[in-house]
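Visitor: Going down the list, the sequences are from chains D and U. According to my numbering, the first sequence is numbered sequentially starting from 1. According to my numbering, the second sequence is numbered sequentially starting from 1.
Among the hints, a few may not be true.
Listed below are the simulated DSSO-like cross-link pairs for lysine-lysine, each with C-alpha atoms no more than 30 Å apart in a straight line [what the hints assert, rightly or not]:
#, chain 1, residue 1, chain 2, residue 2
1, D, LYS214, D, LYS137
2, U, LYS40, D, LYS478
3, D, LYS516, D, LYS312
4, U, LYS359, D, LYS478
5, U, LYS92, U, LYS150
6, D, LYS399, U, LYS359
7, D, LYS478, U, LYS27
No wet-lab data here; the hints were simulated from the structure.
Okay, here's what each chain looks like letter by letter:
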Amino acid sequence: MKSNPTINQFGPLLQSPPEIGRGEVILNVNGLVTRLNNDVRIVDDVSFSIKQGETFALLGESGCGKSMTALSLMRLLPDGIRIASGDIKLEKEDILALPEYAMREVRGGQMAMIFQEPGLSLNPVMTVGDQIAETLKLHQELRGDEIRSQCVELLELVGISDAPRRVYEYPFQLSGGMKQRVMIAMALAGQPKLLIADEPTTALDVTIQAQVLKLLRDTQQKTSMALLLITHDLGVVAQMAHQVGVMYAGQIIEQAPREKLFACPAHPYTQKLFAALPDAGRSGQPLAAIPGNVPQLGTPFTACRFAPRCDKAWALCHDKVPVWTQLENGQGVRCHLYSSQMGNEKSNLKVPLSPDSCAAGKEKPEEERIDTPLLQVESLQVHFPIRKGIFQRTVGHVKAVDGVSMSISAGRTLALVGESGCGKTTVGKALLQLITPTAGSVRFAGHELIGISARELRKQRAGMQMIFQDPYASLNPKMRVAEVLQEGMDALSIAKNSDERQRRIDELLEQVGLEKASKWRYPHEFSGGQRQRIAIARVLAVNPNLLICDEPTSALDVSVQAQILNLLKSLQQQLKLSYLFVSHNLAVVEYLAHDVYVMYLGRIVERGTVEEVLRTPKHPYTQALLSAVPRIDGQGMKTIRLAGETPSPSHPPQGCHFHARCAHVMAECREVYPGESILSPTHRVHCHLLGK
Amino acid sequence: MPVILWTDAMIFLLLATVISAVLWVRKRPHLVLPWQRLAKSSMGMVSLLILSLFVLVGLLDTMHYREALPEKSNGQTVYSAEVLSVFDALAKDIKNRNEKTYSAPLAAYLYAKESIETPDGKIRRDYPRLRYGGAHLVDPQSELLGDVLKRTMIGALEGLSIAILLIVAGNWLIFFVKLRTARTSAGQEIRKSNNLIFTFARLIKNKPSRALLITALLMAILLGITVNLAAVYHVLGTDKVGQDVLYLALKSIRTGLVIGTVTTLVMLPFALLLGIAAGYLRGWVDDVIQYLYTVLSSIPSVLLIAAAVLMMQVYIEMHPEWFETAAARADLRLLFLCLILGVTSWTGLCRLLRGETLKLREMEYIQAAQAFGVSSPRILTRHIVPNVMHIVLIAVVMDFSSLVLAEAVLSYVGVGVDPSTMSFGTLINSARLEMGREPMVWWTLTAAFGFMLVLVLSANLFADAVRDAFDPRLNRTEAAA
Chain D
1 MKSNPTINQF
11 GPLLQSPPEI
21 GRGEVILNVN
31 GLVTRLNNDV
41 RIVDDVSFSI
51 KQGETFALLG
61 ESGCGKSMTA
71 LSLMRLLPDG
81 IRIASGDIKL
91 EKEDILALPE
101 YAMREVRGGQ
111 MAMIFQEPGL
121 SLNPVMTVGD
131 QIAETLKLHQ
141 ELRGDEIRSQ
151 CVELLELVGI
161 SDAPRRVYEY
171 PFQLSGGMKQ
181 RVMIAMALAG
191 QPKLLIADEP
201 TTALDVTIQA
211 QVLKLLRDTQ
221 QKTSMALLLI
231 THDLGVVAQM
241 AHQVGVMYAG
251 QIIEQAPREK
261 LFACPAHPYT
271 QKLFAALPDA
281 GRSGQPLAAI
291 PGNVPQLGTP
301 FTACRFAPRC
311 DKAWALCHDK
321 VPVWTQLENG
331 QGVRCHLYSS
341 QMGNEKSNLK
351 VPLSPDSCAA
361 GKEKPEEERI
371 DTPLLQVESL
381 QVHFPIRKGI
391 FQRTVGHVKA
401 VDGVSMSISA
411 GRTLALVGES
421 GCGKTTVGKA
431 LLQLITPTAG
441 SVRFAGHELI
451 GISARELRKQ
461 RAGMQMIFQD
471 PYASLNPKMR
481 VAEVLQEGMD
491 ALSIAKNSDE
501 RQRRIDELLE
511 QVGLEKASKW
521 RYPHEFSGGQ
531 RQRIAIARVL
541 AVNPNLLICD
551 EPTSALDVSV
561 QAQILNLLKS
571 LQQQLKLSYL
581 FVSHNLAVVE
591 YLAHDVYVMY
601 LGRIVERGTV
611 EEVLRTPKHP
621 YTQALLSAVP
631 RIDGQGMKTI
641 RLAGETPSPS
651 HPPQGCHFHA
661 RCAHVMAECR
671 EVYPGESILS
681 PTHRVHCHLL
691 GK
Chain U
1 MPVILWTDAM
11 IFLLLATVIS
21 AVLWVRKRPH
31 LVLPWQRLAK
41 SSMGMVSLLI
51 LSLFVLVGLL
61 DTMHYREALP
71 EKSNGQTVYS
81 AEVLSVFDAL
91 AKDIKNRNEK
101 TYSAPLAAYL
111 YAKESIETPD
121 GKIRRDYPRL
131 RYGGAHLVDP
141 QSELLGDVLK
151 RTMIGALEGL
161 SIAILLIVAG
171 NWLIFFVKLR
181 TARTSAGQEI
191 RKSNNLIFTF
201 ARLIKNKPSR
211 ALLITALLMA
221 ILLGITVNLA
231 AVYHVLGTDK
241 VGQDVLYLAL
251 KSIRTGLVIG
261 TVTTLVMLPF
271 ALLLGIAAGY
281 LRGWVDDVIQ
291 YLYTVLSSIP
301 SVLLIAAAVL
311 MMQVYIEMHP
321 EWFETAAARA
331 DLRLLFLCLI
341 LGVTSWTGLC
351 RLLRGETLKL
361 REMEYIQAAQ
371 AFGVSSPRIL
381 TRHIVPNVMH
391 IVLIAVVMDF
401 SSLVLAEAVL
411 SYVGVGVDPS
421 TMSFGTLINS
431 ARLEMGREPM
441 VWWTLTAAFG
451 FMLVLVLSAN
461 LFADAVRDAF
471 DPRLNRTEAA
481 A
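Bound-form chain U, shown alone (with noise of 0.2 Å):
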């Protein structure tokens, strides 16, 4: 049965705004050229193939169902009371290997030792072999580095070879195609083999494909030896509760890039129509928008987001009937936790559309409106939100990093999202108390840091490389030449 939660609503329609804007964008030239010209930098290319890549992931993760039970009730199919989610069901294996307590990444015992009885009947204290990883081997002591290696050579030659492929599968598609309309607009014969190589070495000769070739190898190099190592191993460790962390760093991800979107989703109606109203209106209007986002921002938000969020808790805590499931209930609290993220910060983008908005007011192009008696709002709808629209984005996308960052605060804190939720905060906060431990447990925090790390970084270039290419001044010599 699938299950959609508010938040999986919530990016469902936001990837329905983005593939319809994307459509939009496509027959207007003018917005298309920034977008051409992004696709030119290799550095904002390469970001986004990894950003992807975690959007797949949060998607996989974002399509609930709740699994029927093989027994039946009255004839009735009887569903579990677990919310699965696409990702669960391919990730089965790492998911339901538990251990006992912590491990090493890669490692074949447990991080402690425990007491364990011989089976000549003495009790010895030794580190116990692990349930799951490394059970394959007979003596982990001497075979464990060997077949580590082995396994990691075989992961980056199939990972490899995969790739390989499948660009010389795409490469042969879009040379089809291309043929295909070049034969039926030309009418020419083109001779395929010249051609087809032709076509790759273009690709390699363009800097920002190549680019984006060399890290599409590394990083499918980097899946084939982290499936293959996966399959037998705890790549990143477990936890406390024998969890895998590989398994609670990839969940992490979902809850992150809803942050970090839903929250925009919220924010943007507040920024956009309370700033171009302000700034356009002026008078009384203006003086009642800013006095409210001066006052806004003038709260400390996490004060204001700890008792938004305190308040929720005890309030779902006494509607316990309301929720069929636990996780619809650690949603709701994750889709609380973006609104009060989105109410406490649309005032930054709010200020900034205002400002804007006073200086497009002025142009020559309002006033013309003004003289044909265009209504006010269809000056603010024609006029001023496409004008704003490149400010608009460029904020959004800058915004992203910093909200990933701001739950894990928050998380970390106590206030964030409901601690069943996996997610980077509550990833650190388990593995806050760690790290007083001897011997030090390192790896569900340096798990968090790399995820995180790497998710915000490729997001962070992203959003320069859009800057860029939608920066006016920047481009001027393009349009000059």
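Just chain D, with the same shape it has in the complex (with noise of 0.2 Å):
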């Protein structure tokens, strides 16, 4: 075990969850089956338990069933999806036998769920008030003044300031944080004994995700109801969970306390699952990427579910189903490799990460800096005009893009990251003149791309290309893969013949790790990844020396976000290709980047190289930002809570933008904006503690 310190070394967690008295068993599920009408099983006999004030998390990659399971709890299933088997215990309720009315009352009652996008959880029209006094009505007996009273003190609990005031405001005056709070005092208007919350905290920022999961750990340390964390993210198990099941094709392979599940994951798919994810230790090393895709939701399965994409599979795994075993440690896990052979368990319970991955870090091979650099941005700005009245007059601007300078060499990574609306992904169009940039200089390859004709920079399209977050979006679903790849060739003129261009595309197909034969399928026919795969495919082939990448991975899943990071790190040394790479992943940019610039409302407070910012961040907001990052490994720098949201880019706030929210607000932060301090002669930071 002692193979890999980052894992292991749990050190005291300082963001454990809290440790309260757990009573008895609240709701026992056993042998849940939920079908489709054509009977394919897309819950399959699943089975666990949550004692009173007890955490426990489902993880799992999206498709896996974790939130069809949520679903038959509440038995709020949609059309065509039914429990066949199973039964499930709410203390010693049977849920499955309850008429509908009786279900209404547990609904909310006794069992409360919040949901991924609060945006769409709250109804529009509806004051913040009237919405959970909705559930206080149904619920709780009581009147008038009662009600009222009652939601202030929900929204009190959720720690909502000036609550009496936001009772009478609208979903839309609130911000995302403020609504995911709101959802979770509606869900505890009804006093539930369980909340089931499923990805609460995905649709939202890091410093925001921060604050809700330390709301759920308060209040139910206060209030010791259970709760079912719905998630995929390890970082979010790591900081909740008391106990964890791991589902992959609508089955439990492998439940554990968190603590065990952590030390030494017993499932090779949980092995897997970690080793996959990035960091800076591996920076150097492809990332254990699992092969294929997770099973669609529903489909048959005769043998082990994971055998198709495990590397330990033998004979046994493609015949026949695992069974259930428990081990001495209290450990669950359905695999072949413990039923069939326990004495060989020991071996197996390594986790088959990277050798030695401190190591890998300085066998880095230093690449020669080379200091033309291939794109020089000074000074850019995007501004959006405020437009009112009937003339239109413009009365004011967002600042989106507010003075962004950054240079970036052949062959290197720049990462840029920030909160959402900070203006990273305006950067990124910005400088491939998608958006037109209000003033500034950009620089590629030795020609300003600013204020050039049509014409000039349809010559300069070719060097620079942009990957897009969602593959289900980028590309054209009326457009076979050969067309979406030879549009760019088309518009570029980059292969003189079709012959030619056939070919390229098989090239390109076979280079980002895709059959030729998928030349003439549509999109829809594929996965995320290998969606994404072609759209790395459609930008390589004008041959590009800058890929601006704009969350490529955030919307995948964590195995499939391995195999693309991989993909792009390859590439790039093949290609010698330099990459903007735009995120909100720290992880993910700690394993890619070479440099990284910080972001906050438009501006860089904050650049240097991968090792200066995220080991030694100088800027109060780094630091926050840093800290507020689940990390499976618990180890991090001391907790700093970021107060309030970001502030709106029309109306930035007098002096630093950070004063606000920052801990070390001095006199000095409310009125000027503070200038460039340089640490060295690469980090550099705008914040006023480093100017003296």
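Since each chain comes alone in its own frame, lean on the hints to assemble the complex.
Guide: As structure tokens, then:
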């Protein structure tokens, strides 16, 4: 187990879940099977139990049946899906035997649920107070003023300041984090014994995520309710869970207390999941990606579900369904490795991670730095006018990007990090001239791009291309792969004749790891990861030097994310590509980037090499951002919780933009924007703390 | 001599477009998918069957010609001034058997009493016998009911047996085609008898085809009865000048179809081009197009249509030398009505397409194309148009029925088609005055109402089925499973 210090080094968990007296079992699920109408099992024989005050995390990638499990518990399954067998007991009550009218009492009263997208789960035409009052009226016998005061109390409980006023506000007046708090308040209104949280923080920024997770932990401590947390994020699990169930293709394949699971994951899938997580320690070598994709929800199985992707699979795995095996240390696992040859168990428990991840960092060849930058950006500005009145007068500007300068050399990766709405995607699009910049200069390979004619610009198009976030939206559903790849070549006249083009297409598909035959298929026939490969092949078709990657992996599962990151890395080595990597995922940035720029409200607040910025952050915002990221190893610096949310870029605060949320705020911060402090040739920070 | 009127040309153009679209779609699996879904909906298929009967009548009525007259002048063939259609030729009997005036459906007597001179010289006021309707009966008073029932039974049986014969023959045909392909591909010997029954049994088990089968049988029975009765009676009675109402109603189908489809042909280019251009290009283009359709849709369309049609009418009457036949003149007016309707009705679809394009232009694949420097016209044709096509299709099918109704309303008001053109609107208009008469003449209105109801209802149901088949939200579960 000593092979991997990063994962095993738990240390004192600073953000570990609260240890409270856990009482009797609240929820007991036994052999739950949920089927589609055509008898395909989408939740297959799931059993678990949750005790009072305990957090049970269901961990898994998308399409594994996590949400279907939760909806089965609430008996809120969509049409065409039904519970086939199994039993669900909430305390002593058999949920599946209840008639629908009694079930309505249970929903919200004893079991409540919060959903992923806070913006979609509140009714936009009702005030927040009315929506909470609705639940209160149903589940508590309160009338009139009592309800109003109870609403205020609930909002205060979930940490909404100025609650008496907020009660009368509409959802559009609240920010994303606040909406999720209101959702939690609504869920708590019925005083449930069990709270089901379906990816409660996935749609939120890291700093807001940290706030919401803390709120959930605190609430649990106060009310000692049980929490069923559904997530795909190992970091969130590490912070929140007491018990973890790992789901794969509709089954729980491993179940263990959190400490045990993180110390020695038993199932090959869980082991791989840990290995696929990117971090700085592994930036030298490829990630241990799991080949293939998560099977489609509802695929029929006759053998082990993971066998096709498992490197430890042998004949039996492809032949027989493994049974549930309880290990001595309290872990349960569904794998032939444990059921058939218990003697070999020890050898398999080892986490097959890279042998020496610390050494790898040093082995990394120091690439020579090329001094002539490929892309040079000087004080780039993108302002969107705010128009008002009949004459559409410009009354102000949203300063989405406000004076950003950067330079990228050939073969290097620059990462732009920041929360949503800070303008990082706008920078990417402004560089490509998809959005016309207001001012500044963009020099690409010695050519100025701003202010040149459309024809001149087209000549430069080939050099710089973009990979988009959502592989489902970035490919035209009506075009076949070959047509998709050909489009750029046609537009920029890359290949002369059609033979040459077809040859190039075959070559590209091979390069990104797809079969040649796939070029005559339509995008909807591919999975998310494969689509992202197609999108990468599309930009490679025009031989670019710089790729702007706009969160290319954020819509993908962890195991697939690793595949794409590996691909990007190997392409960089083969083709000497430069990347501008726009992301909010710091782990990915740590793994891939050479330089990191931290952006806040349209401006760069800190820049430097990846070690400088992520190991020794100097700006309070960078520090807060780093500490908010839930880490699976629990190590990290002191937690800095940011109050409030990012202000609107149309009215940035006077002085330092960050002063309203900063813990080290001084009088000076409120007046002047801090100048640049040079800490090292590469490390620069805009902060008054360092100005002195 | 074949005659191709303007609207005929339009219909043939439309038919060619539809056929080539079908051939084009067949090769593209993602486009075939929604149609396969449509084929699984019994409602959609049944309404399609009924619609296709209407279309068949309309198409037969579209193939026009002028008959050669028997006498020749200077060795040259002289053609009759009357333009006939293939349908007219088929329905020659009912077309030519004109009575004197009103007669009720399946009657042997006129609807009004007249003074008849009896052989012995006395003048008697009574209901005179019809010239054609029930003329074969000696004593209609006692024989009529029996004869009608007999003919109904015979007609039903004939229709049923012909339908069954056709279905069995069709089944055999399909079976042998399948057998051949199976033999050539797999080289297996398949036992015929077992498989023939098997194919048929599977057809019955399949829900949409069972519904289709039942509808086809019912239709065949109805057709058989109608044909049998129409041979000697006026099934839907006669109108004021003694024309058979069934014939008039069947002739009206073409007018309805022309209005419903040709108008779409006129409207589509406006809606598609302007809507997409406004949504994609934004800026002043968007402003201009928005102003245009806001202004256009705020003018009461009946007024606009009335003004345009009246102007056209005056213009036509000032130039009678332009037209060889009366049919050509009436046809031009019909075409012009389509144009006017098209010009006034594109705004709804245009607005819809603009909205969809606004959404699409923010899609990442459009931005990827922009990053490649792909030109705007190319982005519009390659990326935007294919992705709004489903909306166009749904809107077109939905608009069809409202246009058929609009024609009826306009003709009723008097600004619709030429009075000599048979249409549901003119039918209703002529029946209007007779509603107040005692005893009431109800059959003209009922016939127009019934035919229009069936046509529009089946079009609407078909539109519903199309919409469902193309709606990604309704078909998500299918994709997941």
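Visitor: Straight-line Cα separation of LYS40 (chain U) and LYS478 (chain D) no greater than 30 Å?
Guide: holds, 23 Å
Visitor: Sort out whether LYS359 (chain U) lies within 30 Å of LYS399 (chain D), counting only the CA atoms.
Guide: The given pair, whose Cα atoms are some 24 Å apart, holds under the 30 Å limit.
Visitor: Check whether the Cα positions of LYS478 (chain D) and LYS27 (chain U) lie no farther apart than 30 Å.
Guide: Status holds; Cα separation ~13 Å.
Visitor: Starting from LYS214 (chain D), check that the Cα of LYS137 (chain D) is at most 30 Å away, please.
Guide: holds, 28 Å
Visitor: Given the hinted pair LYS92 (chain U) and LYS150 (chain U), is their Cα-Cα distance within 30 Å?
Guide: holds, 24 Å
Visitor: Holds or violated: LYS359 (chain U) and LYS478 (chain D), Cα atoms, limit 30 Å.
Guide: Holds: LYS359 (chain U) and LYS478 (chain D) sit about 16 Å apart, inside 30 Å.
Visitor: Within 30 Å, alpha carbon to alpha carbon, are LYS516 (chain D) and LYS312 (chain D)?
Guide: Given that 30 Å is the threshold and the Cα spacing comes to 29 Å, the pair holds.
In summary, the structure agrees with every hint in the numbered list given earlier.
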